[in-house]
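Chain A is fixed; fit chain B onto it per the hints.
Protein chains: 2
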Amino acid sequence: MLKLFAPCSLLLGWLMLPVVAGASPGNGADLIVYGDYLLTMDPGQPELRDAAVVVREGVIVDVGPRERIDRTWVARDSIAGEGRVLMPGLVNGHTHTAMTLFRGMVDDLDLMTWLNHYVFPMEGRFVDPDFVRTGTELACWEMIRGGTTTFVDMYFYPDEIASVVERCGLRAVIGSPHIDFPSPGFTGWEDSFAAAADFVRRWQGRHPRITPAFAPHAPYTVSAEHLQATVEKATELGAVVTMHLAEAPAETEFIAAEYDTSPVRHVAGLGMFRLPLIAAHMVQLDAADITLTAGAGVGAIHNPTSNMKLGAGISPVPAMLAAGVNVGLGTDGAASNNDLDLWEEVRMAALLHKVASGDPTAMPAGQALAMATRLGAAAIHLGDVVGQLKTGMQADMIQLDVTRTHHLPLYDVISHLVYVLDSQDVQTTIVAGQVLMRDRQVLTLDETALRAAVSRASDRIRKALREQQENEA
Amino acid sequence: MLKLFAPCSLLLGWLMLPVVAGASPGNGADLIVYGDYLLTMDPGQPELRDAAVVVREGVIVDVGPRERIDRTWVARDSIAGEGRVLMPGLVNGHTHTAMTLFRGMVDDLDLMTWLNHYVFPMEGRFVDPDFVRTGTELACWEMIRGGTTTFVDMYFYPDEIASVVERCGLRAVIGSPHIDFPSPGFTGWEDSFAAAADFVRRWQGRHPRITPAFAPHAPYTVSAEHLQATVEKATELGAVVTMHLAEAPAETEFIAAEYDTSPVRHVAGLGMFRLPLIAAHMVQLDAADITLTAGAGVGAIHNPTSNMKLGAGISPVPAMLAAGVNVGLGTDGAASNNDLDLWEEVRMAALLHKVASGDPTAMPAGQALAMATRLGAAAIHLGDVVGQLKTGMQADMIQLDVTRTHHLPLYDVISHLVYVLDSQDVQTTIVAGQVLMRDRQVLTLDETALRAAVSRASDRIRKALREQQENEA
Numbered sequence: 016m017l018k019l020f021a022p023c024s025l026l027l028g029w030l031m032l033p034v035v036a037g038a039s040p041g042n043g044a045d046l047i048v049y050g051d052y053l054l055t056m057d058p059g060q061p062e063l064r065d066a067a068v069v070v071r072e073g074v075i076v077d078v079g080p081r082e083r084i085d086r087t088w089v090a091r092d093s094i095a096g097e098g099r100v101l102m103p104g105l106v107n108g109h110t111h112t113a114m115t116l117f118r119g120m121v122d123d124l125d126l127m128t129w130l131n132h133y134v135f136p137m138e139g140r141f142v143d144p145d146f147v148r149t150g151t152e153l154a155c156w157e158m159i160r161g162g163t164t165t166f167v168d169m170y171f172y173p174d175e176i177a178s179v180v181e182r183c184g185l186r187a188v189i190g191s192p193h194i195d196f197p198s199p200g201f202t203g204w205e206d207s208f209a210a211a212a213d214f215v216r217r218w219q220g221r222h223p224r225i226t227p228a229f230a231p232h233a234p235y236t237v238s239a240e241h242l243q244a245t246v247e248k249a250t251e252l253g254a255v256v257t258m259h260l261a262e263a264p265a266e267t268e269f270i271a272a273e274y275d276t277s278p279v280r281h282v283a284g285l286g287m288f289r290l291p292l293i294a295a296h297m298v299q300l301d302a303a304d305i306t307l308t309a310g311a312g313v314g315a316i317h318n319p320t321s322n323m324k325l326g327a328g329i330s331p332v333p334a335m336l337a338a339g340v341n342v343g344l345g346t347d348g349a350a351s352n353n354d355l356d357l358w359e360e361v362r363m364a365a366l367l368h369k370v371a372s373g374d375p376t377a378m379p380a381g382q383a384l385a386m387a388t389r390l391g392a393a394a395i396h397l398g399d400v401v402g403q404l405k406t407g408m409q410a411d412m413i414q415l416d417v418t419r420t421h422h423l424p425l426y427d428v429i430s431h432l433v434y435v436l437d438s439q440d441v442q443t444t445i446v447a448g449q450v451l452m453r454d455r456q457v458l459t460l461d462e463t464a465l466r467a468a469v470s471r472a473s474d475r476i477r478k479a480l481r482e483q484q485e486n487e488a
Numbered sequence: 016m017l018k019l020f021a022p023c024s025l026l027l028g029w030l031m032l033p034v035v036a037g038a039s040p041g042n043g044a045d046l047i048v049y050g051d052y053l054l055t056m057d058p059g060q061p062e063l064r065d066a067a068v069v070v071r072e073g074v075i076v077d078v079g080p081r082e083r084i085d086r087t088w089v090a091r092d093s094i095a096g097e098g099r100v101l102m103p104g105l106v107n108g109h110t111h112t113a114m115t116l117f118r119g120m121v122d123d124l125d126l127m128t129w130l131n132h133y134v135f136p137m138e139g140r141f142v143d144p145d146f147v148r149t150g151t152e153l154a155c156w157e158m159i160r161g162g163t164t165t166f167v168d169m170y171f172y173p174d175e176i177a178s179v180v181e182r183c184g185l186r187a188v189i190g191s192p193h194i195d196f197p198s199p200g201f202t203g204w205e206d207s208f209a210a211a212a213d214f215v216r217r218w219q220g221r222h223p224r225i226t227p228a229f230a231p232h233a234p235y236t237v238s239a240e241h242l243q244a245t246v247e248k249a250t251e252l253g254a255v256v257t258m259h260l261a262e263a264p265a266e267t268e269f270i271a272a273e274y275d276t277s278p279v280r281h282v283a284g285l286g287m288f289r290l291p292l293i294a295a296h297m298v299q300l301d302a303a304d305i306t307l308t309a310g311a312g313v314g315a316i317h318n319p320t321s322n323m324k325l326g327a328g329i330s331p332v333p334a335m336l337a338a339g340v341n342v343g344l345g346t347d348g349a350a351s352n353n354d355l356d357l358w359e360e361v362r363m364a365a366l367l368h369k370v371a372s373g374d375p376t377a378m379p380a381g382q383a384l385a386m387a388t389r390l391g392a393a394a395i396h397l398g399d400v401v402g403q404l405k406t407g408m409q410a411d412m413i414q415l416d417v418t419r420t421h422h423l424p425l426y427d428v429i430s431h432l433v434y435v436l437d438s439q440d441v442q443t444t445i446v447a448g449q450v451l452m453r454d455r456q457v458l459t460l461d462e463t464a465l466r467a468a469v470s471r472a473s474d475r476i477r478k479a480l481r482e483q484q485e486n487e488a
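Protein sequences appear in the order of chains A and B.
Using the working numbering, you'd call the opening residue of the first sequence number 16 and step up by one each time.
Using the working numbering, you'd call the opening residue of the second sequence number 16 and step up by one each time.
So that you can see chain A by itself, here it is in the shape it has in the complex:
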């Protein structure tokens, strides 16, 4: 049993050993994971009872009833499924991982005070490669513990993020940010855009779990000309693009004043909607925006907690889903959430759209869960790779304990996952067949070293906060 910390490379090597003697090549596998309940999240596949998923070389090679799987396959390792739900790992479609180091630093301020008085000055002062490495590790630890297996990141020093992702075993789309203002490491647009193109070029096709992306910040911080440059370069490199879009009323007003249109029509008009685009937030939309988004196959990432906490508004998610938009869920950064718990976003999405419409049948539990898995994977343009448990797809999956007393009684597994489950009920996290957490023990990161690094970084931030408060007093 792999209960102790083991470096990634050892684990990978171990998983790649030949199958046990006696098993014929045809039925040899690396790993079988069982579940009393198996949710494939394939819309055509009902919930299975007492079933299993078979993994070989990181890929799902069989899904079915336990009895048949046990007759057919011999595996080097297996994980029991008594009292557990087995399902695809969750997809966090929008976050800024390193900002976990700012978790709870300041809350409940108006947006401009929060950004200009705290977030931007603290970023300017503290964000460097060390900060990003530590913050990303802390975020990845939390995501592994909460059952998130894929995330879309947008933060400075993306090479540091990629290096943590390589080590910890998660899957990620990593956007290299570019913006028309000075930002950590850059003087403005020119150098941040050049660095993004360089990052995409170096990481494109380099690692099976990492997708590099362009990340122009937002239509109100990147000029039309610079967004067009992004379109050209991303098209040339065949790259994914992620950006903030139509988040808050101030953006809508700014774009209306500058360009006399909506944020969505503005960026679509610049060619952004011809790219594989991951658009975060998508709150301020009219009917024409929704039609345009659906037709272009743009993925929309709904961040209910962040939108609520910052008072941004309520995204028209049911209308987007009805129009055929692939809508995923995101936590946004921990500075505006304040955690990376995607289960809370699932629940929040299910509840928020009921109260917004006054209709308790809006956003049923199964639809909220689909946004965190199948639809979320499609929204980040990885719908053929992850988000469902199907033969040929990557073996990204999680096991959940549904036997704790807060799950009693159990009539409907999906209801419990959406309305009852805590992230601490996640028992197992697997990406590309590698077990990242087993019985809640994270196997690919060193908790002691991580805690020490977080403590060093946060001591400096705490001191700066105190100084700022003293200067103001």
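Since the hints were made in silico from the structure, they are not lab data.
Among the hints, a few may not be true.
In this list, chains with the same sequence are indistinguishable; a pair is considered to hold if it fits within one copy or across any two.
[To be verified] Derived DMTMM-like pairs: lysine to aspartate or glutamate, alpha-carbon spacing no greater than 20 Å straight-line:
1. Lys478 / Glu62
2. Lys248 / Glu97
3. Lys248 / Asp275
4. Lys478 / Glu251
5. Lys478 / Asp427
6. Lys405 / Asp65
7. Lys405 / Glu273
8. Lys248 / Asp213
9. Lys478 / Asp145
Keep in mind the model is a prediction, meaning the values are calculated, not measured.
Just chain B now, with coordinates in the frame of chain A:
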């Protein structure tokens, strides 16, 4: 160490033994509970670091810095506070505990289908004293594990509820329901009202942790005449009253059609607002209703998850607080939530009123936490008894672990409690000085027996659901 199950009576006896030899009577105590962070929730008292609370005979006799407490007091028992927040236990102002047995039975239906097709028929078929005993025990288990120490209940067979409360050690206001329609055990108003009066008479002043109450269901299910009868009887007996009030648009329309006024003005006009009233929901309010509520000292219980899930609307909580209304929080029953996790209500309240107003400064974290403690206690008319850690008040308190990785880094304890904490971070639950949970082990209920009883009850419900589905197919 009291880590194993022990009957309540044994524990109480043990706590009441004389103080240890060597301690003078003046400094002898039963229990000292420490906390690296101590939140008294007294608005005049800042957060304390490295502090403790001293308990004698169920009452708080000292609160202060650890050093002074250790110099002053000798106690029979103590609970360490490293890495822990010590604060008042939470107050759940509105629930229907036994409905935990219907948790997740059916979701996401329109209100009338949900009630008339599932909830009412299932209640009619299954609710008996056994059902209520089992469902209440399950609910109390969950509340003890989640750090709720006081709850306001409204469900059938209140004597069964009281008996579970006596055994498990929680504190409760128990409303005996009366309604103008047949309900479990009753043919209609006459017998359900007579039983309520009898329940209040028998339990008034009988047990220090139990407050009996009248529970007329709602203004749309109890006639004006019968509400007046409740006012008379409750006044005569000096009893608390709890009811559903101004929950959903259908109620507002019904009251407008029948009585040409708002639900709040309707019941206030009948004299209900002269009573110590606990009004659950309070969603459909106008400015006059809020002024009336504040002036009368009526407690309002906000149930954000239930209101969202049932699409009832958004309660004007910030306006109520500004007007001086004591607003508490409630989970409502597990059939419409689907758990009894008050931490989720705290977070939901903090987030919902920001998005409803478009103002991220609305409902700051500290105010949301106050609704779950000090304000919630005041709303249920126990503000002099619980909800703050102060000398002379009942020793109802909890310890929370804030050292887990999802709490890193820690800049502000209150921010983490509101935006990050999971109910599984609660370590210790104490009511009237009795330790109900220690290191997450519940000491006053028998988990094995509870699981067996829940299994028996839910098997019958599951079978009935299946039959209903087959009949419909």
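For lysine 405 vs aspartate 65, is the C-alpha pair at or below 20 Å within one copy, between two copies, both, or neither? within (16 Å within a copy, 53 Å between copies)
What label fits lysine 405 with glutamate 273 when the C-alpha limit is 20 Å: within, between, both, or neither? Cα proximity of lysine 405 and glutamate 273: none, with 47 Å in one copy and 58 Å across.
Is it within a copy, between copies, both, or neither that the alpha carbon of lysine 478 lies no farther than 20 Å from that of glutamate 62? The answer is between: 19 Å across copies meets 20 Å, while 52 Å in one copy does not.
Lysine 248 and glutamate 97: within-copy, between-copy, both or neither at 20 Å Cα: neither (50 Å within a copy, 54 Å between copies)
Classify it for me, lysine 478 with glutamate 251: is the Cα-Cα distance of at most 20 Å met within a copy, between copies, both or neither? neither (46 Å within a copy, 60 Å between copies)
Could you figure out if lysine 478 and aspartate 145 sit no more than 20 Å apart (CA to CA) within one copy, between two copies, both or neither? within (18 Å within a copy, 58 Å between copies)
Using 20 Å as the alpha-carbon threshold, which applies to lysine 478 and aspartate 427: within, between, both, or neither? Cα proximity of lysine 478 and aspartate 427: across copies only (13 Å, versus 49 Å in one copy).
How would you label the pair lysine 248, aspartate 213 (within, between, both, or neither) given a Cα cut-off of 20 Å? Cα proximity of lysine 248 and aspartate 213: one copy only (11 Å, versus 79 Å across).
Cα distance capped at 20 Å. Does lysine 248 pair with aspartate 275 within a copy, between copies, both, or neither? neither (26 Å within a copy, 66 Å between copies)
Consistency note: the structure conflicts with the earlier hints numbered 2, 3, 4, 7.
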